[in-house]
Amino acid sequence: MTVAAQQAGNWADLSAEAVRIVSEAGEAGVTLRVTGSAGIRLHCTAPGGVMDLLGRPAKDIDFVVPEKHRKGMRRYLESRGYITDRDLLIAMEGTRYSFEHAEHGTQVDVFVERLNFCHTIEIRSRLHQHPITLPVEELMLAKLQIIEMTMTDIMDVAVILATHRVGDGDPEAIDGQHIARLLAGDWGFHHTATRNLAKIAAMVGTSAAVDIGQEYNAQVDDGVRQLLAVINAAPKSLAWRMRDKIGERKQWWQDVDEKEATY
Amino acid sequence: MAETVASPVAPGVFSRKASGLVRVGNTLDVFIFNVGLVSVGIAIAYNQYYGPSLYPGAQPWIATLLAALGMIFVAAAFYCWSVVFPRSGGVYVFLSRTINPGVAFVMSLIETIILLYYAALAAGLIVQVGLSSFFGAVGTVSGNATMTSWGQSVAKPQGVFWIGALIIVAAGALLASGTRRYFTFQRVLFVVAVVGLAVIAGVMLFGSRSGFNSSLTNLTGLHSQQVIAAAHKHGFVTAGTSLSESWKFIVWPLLPLLGAVQSVGIGGEVKKVSRSQLLGMLGAVIATAIVIALFAVLANKDFGYTFQGAVAFNALSGVSATTSTAPWFAVLAGILGHNVFLSVIILATFAAWIWFWIPAELAYTTRSMIAWSFDRVAPDKLGFVSETVHTPVVAIGVSTAGAVVFMWLIAFKAVVFLTFIEVLLVVWGTVMISAVIFPLRRRRLYESSPAKNFRLLGIPIMPVAGAISAAFFAVMFVLLWNDTVAAGPLFKPSKMPVEFWITLAAVVLGTAWYLFIKAYRKRRGINIRLAFQQIPIE
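Chain order of the listed sequences is A and B. For the first sequence, this note's numbering gives the first residue as 1481, with consecutive numbering after it. For the second sequence, this note's numbering gives the first residue as 531, with consecutive numbering after it.
In silico BS3-like pairs for lysine-lysine, Cα to Cα no more than 27 Å straight-line:
1) B:Lys-911 - A:Lys-1551
2) B:Lys-802 - A:Lys-1730
3) B:Lys-911 - A:Lys-1548
FYI, nobody ran anything at the bench for these hints, they're computed from the structure.
Start from the sequences and build out the full structure, keeping to the hints where you can.
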């Protein structure tokens, strides 16, 4: 079996597990939405094939849960054989959970209402936009907020841009205005996201690791240009403009560490 | 989000191990945690109360700077530990993975008991030095007899226990509400305390001896020369500045300065450990020592060294020529200010500084307990996390209850466990000796840690700082042992102090518990020693 085929198999297992969890948790009254690479894979069928093209590895499933459903989420996952990471439970004080399945070892991370990494993305009001995953905008922003993107992050954003056009009105299009509005209020996030978009545009097609074929590469390039145009055109808040004067002289992101033992 | 697996597509590019753990504390939080544990308020209060009165010729500012010099080496050694093991759990983590898990557990248990005692001591001080002085000074300055009588009432055992217990429970509740909220609260309070301290410094800088004497007579009816004469009559001794007495007095400023390194207990919860702990520990030692020494100099300028000694001596000896409430620094500063508003600021500032000790000591002990629980040397329940508040409420509850018990002993049994510092020096001294042998005993771990690169003129800092700190602690131990005012011998055959029995009980029960739990876990197929083989992710 080739590596790509093996990874496709992993993705299939992981995707099936993610859908099962969202569905069963929903029946138990717990809202969960998939984010991260699994979310991108699940958002619609098209990215999956592109991810296989890129050889994007399958590893874990990330979810977002509303605050009021935390208790139910933990009970549900534990009833399905997932073991809670006690260390992280104490360290994160209810803002994030991590689980590992006792038998098949699947890793599950659950974030509560917001993705709080290098930059913070509030999810609460966007949890019900899609039945299985976060909306495509948040799936992409979750990658664009990373201060030092790895190749897998670049692949993920490339996949979204290759399979979704930038526009508004169409539920399957990337709502550029929504992204622009969010970034117009946060200079740091804006700086990181636009820098990353430029980096992606420069790498897609030119790097062997992110070559998804001429047609897809062109769509990514076109998507980045459109998105940057919308983001740059959006009126900026006063706080944004003041922070802009300082620029990179002051750290503009939040430090993110490894998920290592706290105790 | 977990991104740890390298892809076969482009080896080497998947370097980001970051899985999105946003730690709660930053450099400022670590600094505040340590500065709070030094508690500038307690340090100034103790220095100016006991120094001039009981150590003739001892200059608190000299003793403070000497203590700080020793603590710089201690901070350097603890800093190295904190980067080798960037985890929460304090000395337990270091010793369990270097010397022996059983020894580590017993040492950590003793340390926990001592720190809970000091949390209770601080709560008692808030009542005695903070509230009592507050009512006393404000009542005196405003001429309000009711407030003055409250000052005396709250300092009685019932008042000390109930108010002290309430303060401890409030500190426990703050921790239970979450570390993020705790740090935010401490940041706000730190600003208030620093501003208050700046106001006091301003009052003292522009104040004068004659102004103080005049206010003293107006507000209390006392004349400084009469106070000094009365003290002399009852055995008060004065002397010129003495380096040997200042050296003997070093144990007093050492007590608060020991707090400057306690962020080692929360190492797993701070961002950029290398930077945060360096600035947090060394910064706290240096900054607080300078501030404490500065206030000693200002106190000499405004109150007079001899008067401070005499008025405190009279209070300690039951001589009537003293203030109605104990003449702690805050009371004297309130008199100098001669203004109700200023008195309120001064006393509130001191109360705020003393408060820092309580939640921080509780936090340290809860982290130790959780570390025991995770290593399975303590019941799993100790690490139980509430589904409502999402914090380890059992550990916090145990720490809070332990401190309340000590509060009861302090209030009703007049128990003063200053000899505990000797025991703490033994525990921390063991950690310092471990720092010396660590590079040899756990060579691979040492060489793969950033501590390996910490060198000064080519000399490795960790073992050298550990050796100097161990020697420093040994000298301090001898000074405390021989100083019956500050502590006295821990082991006295004629009458063993309570601290000895508590320590002995902790050693015996701790050892028995460790052996029991080890056997118990083994019967269930768990080898708890495996936990100590764990190496933190580099």
